[in-house]
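Spelled out, the chains give:
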Amino acid sequence: MTGSRRAPRARRAPRAWRFRLPPGLWRWVIVLAFAVLLAFPFLWMAITSFKQTTDLYNIKNNPFLFNLPPTLDHLRLLFNETLFLRWLLNTAGAGALVVLITLLLGLPAAYALARLTGRWGQRLGIGIFLTYLIPPTLLFIPMSRVVALLGLQDSLWSIIVVYPTFTLPFSIWLLMGFFKSVPRELEDAAMVDGLTRFQAFVQLVIPVSLSGILTVVIFSFTLVTQEFVYALTFISSAKNQTVSVGVPIYLVRGDVYYWGSLMAACLIASLPVAVMYNLFLDRFVAGFTVGAVK
Amino acid sequence: MRQHDRWLGAAMFVPALLYIAGLVGVPLILAFLYSVGDVTVGSVGYHFVGLANFRSVLESAAFRGALVHSFIFTIGAQLIVIVGANILALALRHPFRGRGLVRLLMLLPWVAPISLGAIGWKWMLDSIYSVVNWALVRLHLVKPFDAPMWLGEPKLAMLSVILVHAWRMLPFSTVILLAGLTAIPRDIPEAAAVDGAGFWRTHFEITLPMMKPIIAVALLFGIVFTFTDMTVVYILTRGGPYDSTHVLPSYAFFAGILGGSLAEGAAVSVFLVPILVLVAWAMLRVAHRTEVV
Amino acid sequence: MAIVETRDLTKVFKQGQLGAVNDVNLATREGEFMVFLGPSGSGKTTLLRMIAGLEEPTRGDVLIGGRVVTRLPPRERRIAMVFQSYALYPHLSVYKNIVFPLRAQRVPKELRRPKVEWAAALLGIGELLERKPRELSGGERQRVALARAIVREPSVFLLDEPLSNLDAKLRASAREELTQFHKRIGTTTIYVTHDQVEAMAMGDRIVVLDKGIVRQVGSPREVYDDPADTFVATFLGSPPMNLVDHGDVLVGFRPEHLLPAALVDGPAVALTARVTGVEYLGNERVLYARIQDGRFGEQRLIARLPSIYQVEVDEGEVVPLAIPERNLRYFAKNGGRRAEPRQLAWA
Numbered sequence: 000m001t002g003s004r005r006a007p008r009a010r011r012a013p014r015a016w017r018f019r020l021p022p023g024l025w026r027w028v029i030v031l032a033f034a035v036l037l038a039f040p041f042l043w044m045a046i047t048s049f050k051q052t053t054d055l056y057n058i059k060n061n062p063f064l065f066n067l068p069p070t071l072d073h074l075r076l077l078f079n080e081t082l083f084l085r086w087l088l089n090t091a092g093a094g095a096l097v098v099l100i101t102l103l104l105g106l107p108a109a110y111a112l113a114r115l116t117g118r119w120g121q122r123l124g125i126g127i128f129l130t131y132l133i134p135p136t137l138l139f140i141p142m143s144r145v146v147a148l149l150g151l152q153d154s155l156w157s158i159i160v161v162y163p164t165f166t167l168p169f170s171i172w173l174l175m176g177f178f179k180s181v182p183r184e185l186e187d188a189a190m191v192d193g194l195t196r197f198q199a200f201v202q203l204v205i206p207v208s209l210s211g212i213l214t215v216v217i218f219s220f221t222l223v224t225q226e227f228v229y230a231l232t233f234i235s236s237a238k239n240q241t242v243s244v245g246v247p248i249y250l251v252r253g254d255v256y257y258w259g260s261l262m263a264a265c266l267i268a269s270l271p272v273a274v275m276y277n278l279f280l281d282r283f284v285a286g287f288t289v290g291a292v293k
Numbered sequence: 000m001r002q003h004d005r006w007l008g009a010a011m012f013v014p015a016l017l018y019i020a021g022l023v024g025v026p027l028i029l030a031f032l033y034s035v036g037d038v039t040v041g042s043v044g045y046h047f048v049g050l051a052n053f054r055s056v057l058e059s060a061a062f063r064g065a066l067v068h069s070f071i072f073t074i075g076a077q078l079i080v081i082v083g084a085n086i087l088a089l090a091l092r093h094p095f096r097g098r099g100l101v102r103l104l105m106l107l108p109w110v111a112p113i114s115l116g117a118i119g120w121k122w123m124l125d126s127i128y129s130v131v132n133w134a135l136v137r138l139h140l141v142k143p144f145d146a147p148m149w150l151g152e153p154k155l156a157m158l159s160v161i162l163v164h165a166w167r168m169l170p171f172s173t174v175i176l177l178a179g180l181t182a183i184p185r186d187i188p189e190a191a192a193v194d195g196a197g198f199w200r201t202h203f204e205i206t207l208p209m210m211k212p213i214i215a216v217a218l219l220f221g222i223v224f225t226f227t228d229m230t231v232v233y234i235l236t237r238g239g240p241y242d243s244t245h246v247l248p249s250y251a252f253f254a255g256i257l258g259g260s261l262a263e264g265a266a267v268s269v270f271l272v273p274i275l276v277l278v279a280w281a282m283l284r285v286a287h288r289t290e291v292v
Numbered sequence: 000m001a002i003v004e005t006r007d008l009t010k011v012f013k014q015g016q017l018g019a020v021n022d023v024n025l026a027t028r029e030g031e032f033m034v035f036l037g038p039s040g041s042g043k044t045t046l047l048r049m050i051a052g053l054e055e056p057t058r059g060d061v062l063i064g065g066r067v068v069t070r071l072p073p074r075e076r077r078i079a080m081v082f083q084s085y086a087l088y089p090h091l092s093v094y095k096n097i098v099f100p101l102r103a104q105r106v107p108k109e110l111r112r113p114k115v116e117w118a119a120a121l122l123g124i125g126e127l128l129e130r131k132p133r134e135l136s137g138g139e140r141q142r143v144a145l146a147r148a149i150v151r152e153p154s155v156f157l158l159d160e161p162l163s164n165l166d167a168k169l170r171a172s173a174r175e176e177l178t179q180f181h182k183r184i185g186t187t188t189i190y191v192t193h194d195q196v197e198a199m200a201m202g203d204r205i206v207v208l209d210k211g212i213v214r215q216v217g218s219p220r221e222v223y224d225d226p227a228d229t230f231v232a233t234f235l236g237s238p239p240m241n242l243v244d245h246g247d248v249l250v251g252f253r254p255e256h257l258l259p260a261a262l263v264d265g266p267a268v269a270l271t272a273r274v275t276g277v278e279y280l281g282n283e284r285v286l287y288a289r290i291q292d293g294r295f296g297e298q299r300l301i302a303r304l305p306s307i308y309q310v311e312v313d314e315g316e317v318v319p320l321a322i323p324e325r326n327l328r329y330f331a332k333n334g335g336r337r338a339e340p341r342q343l344a345w346a
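Protein chains in written order, with numbering that gives the first Met the number 0: chain G, 0 to 293; chain H, 0 to 292; chain S, 0 to 346.
Source of the hints: derived by calculation from the structure; they are not laboratory data.
Among the clues, some could well be false.
[Claimed, not checked] The calculated lysine-lysine pairs, modelled on BS3-like cross-linking and capped at a C-alpha distance of 27 Å, are:
#	chain 1	residue 1	chain 2	residue 2
1	H	211	S	95
2	S	182	S	168
3	S	210	S	182
4	S	332	S	13
5	S	108	S	95
6	S	182	S	114
7	S	108	S	131
8	G	59	H	142
9	H	211	S	332
10	S	210	S	332
11	G	179	H	142
12	H	142	H	154
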């Protein structure tokens, strides 16, 4: 033991450097600022949805306060007098079918690229992925002709058939990454035990990759709900529209938007997807970077 | 690799390949064909017209404006996004209480359908009822009757479009940069700390260079998503005022679908291709280089 | 060159649980090569990181060269550290890696290149200055990490298991290089490892840690021949020391001291054992046996018989064994600390 002799304390950093906030506080400032900037519009949507119209359109009122008591009128109007519910159902139904097609075509394709094709499989994977870069805004004009040719114009079937063109490349890329991370020994053991490779794929690889597949489902569905150009171009009647196009285009009489109902619709259409997305984000990033790195 | 496996692989892969080749490849070829043809919404036949469509399109001032705007909006938005995403990713790097909730809030602009986010902004920037203007007036930053016409005045409208694009892309880029940031082994910043580097030196000389590939990926995706998007412009301004916010895709829509001249629309959208090819090439370069490392 | 001291150094990660490091009091000697040895989870790395300034202690102080540095960031402690992974900056050349600390400390420009070249020459990597880390072998990377550490002429070197990433063949020569390096520059060095062979070979003194507590501090000879408790006794030495239950006390003796009775001269304790297994390892034989007719049951024993002893020993045989009295160590049954010698009565 060194006894009671006090060792001299080292000199602290000079005063000039102390003007900065401790790093923890900086982080909170930044995080708060960004969170407000990014999420405020949605808060605004929420407030608008419940404000009475006279309150809403009174420029003398403080918009952040409920100067008149909140109301459910906008919601009532939205669900009873507009096609909003119909649009939600359209989008959900079309989305489900698109996801189905994506899985049916994408699962085998991703497995083939991950396991069965060697070096040119990697190249093909990248090629598939690059088709994701071909935007709808390049293809939508000729695509409208193709849709008309198939007799699918003004029908949800047009987008059910066309949407997999962008959900597939993306999903195959993600699934490739997930399948690659499944150890080969799993299928090898199954084949030694007597299964064919395809059986091993269906009975073993798919169940093992379930959370990855679920991630792909969520993200494909998100892509479906977000799409705008194709739906706007192919579908002309309001009752066949999706939420993404119906809400901003049809919730208007002449030049006047029904802002209260409109904002309610935006919020209802955005939040559930956001919650699901957030739950699966980590897996998405993992799949994305695995695919990118290998 | 066994022969059986090769056949199985091909069989499992071909359906998806055909689907994509058919529904992407064919329209892609058609896009080029239309741009050099005389197709309209109602027409039946096809005649080759050479570069006539391109000539007429290039003569239109509105088109030239749209071309320029496309670049301005993309570059402007991406600059804001890359800097913002860097800052936010650094702030979110280490776990803290409430990080999950922050992440959910932060993701909203990206996850919400583009059109709905855009229409939300349209309400927030409304010429009479804008909450943004109300706040600015209250903070005495603008005079009550001088409040900015965010969507009505050309320069402000362009700024609004850029900002809404940036708002939407920020979460996406942040998530990607965050992944890149957490991929840096913990040892490296610690070694830099022991070596005597402060925060800024570590960030600019060690962290950022190590994140270059991932920043490139975020940037390239961001460029594609912004450059080829027509939704924000369509919802916010319909290309106005006076065509000052039109971009190539929105102009293609107006000319091709609303205007009826598919050939003209196709010609306009063909101008997207050079940028896309450039981006694809850049992405392949980045992918190749990170594999080597 | 400085002395590193810790006073009551403690680190608790989770409230209410035992700390990763508990009330550690240590002092190095000037120029010493001190080894922190312990199994994983013993707190040796946490202890090192607190000395480096990468972890903040919950309680206690760290002193370097006589001044209290507990609240100072790493760069103000005049230390250098070599990480397990070497932590070379992958995008910078070897030269830029080594010059980085000089730039960070704002060493005048003219002095930078000479210092880098001096450090590189010291470690024999002068030819590699333009290469990138990914082009180097494991051993070369270690040398670059050392060069980067030495270039600032720190007062203390901290090394966190730098050999564990090398493959076995390389480890021995890298170990030798480290020892030579230390002899040449003489800076006080603290070296963390879980490998007791490394610790014994390299350390001037070894600090044996378990669950965040210092069990013993001593030279290799002291911790091997005079272990302070059963943990130290069984952690050092491979195969571990035999610990036999004698009712009131534990009796310890190393396998190399347990020999056939015929080969033991002088005062010794005799044991009869049944051989349950023999491993022929070329330079020696390892015998596994169980005590026979012992008052305390059929306890296991391990003996190491060097090859020069050609005595025949077969499985199943009952053989008389003996341990020289001076090689016996006694440990309390409760807590395992060293106890007083006493009379033994096996049978």
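Verification of the hints:
1. 211/H <-> 95/S: Given pair residue 211/H, residue 95/S holds - Cα atoms ~18 Å apart, limit 27 Å.
2. 182/S <-> 168/S: 23 Å, holds
3. 210/S <-> 182/S: Cα-Cα ~32 Å, so violated.
4. 332/S <-> 13/S: 31 Å, violated
5. 108/S <-> 95/S: Holds, at about 13 Å.
6. 182/S <-> 114/S: Within the cut-off at roughly 20 Å; holds.
7. 108/S <-> 131/S: Judged against 27 Å, a Cα distance of about 22 Å means the pair holds.
8. 59/G <-> 142/H: 15 Å, holds
9. 211/H <-> 332/S: Since the Cα atoms of residue 211/H and residue 332/S sit roughly 60 Å apart, the hinted pair is violated (cutoff 27 Å).
10. 210/S <-> 332/S: Status holds; Cα separation ~19 Å.
11. 179/G <-> 142/H: 61 Å, violated
12. 142/H <-> 154/H: Roughly 19 Å between the alpha carbons, so the hint for residue 142/H and residue 154/H holds.
When each numbered hint is compared with the structure, violations occur for hints 3, 4, 9 and 11.
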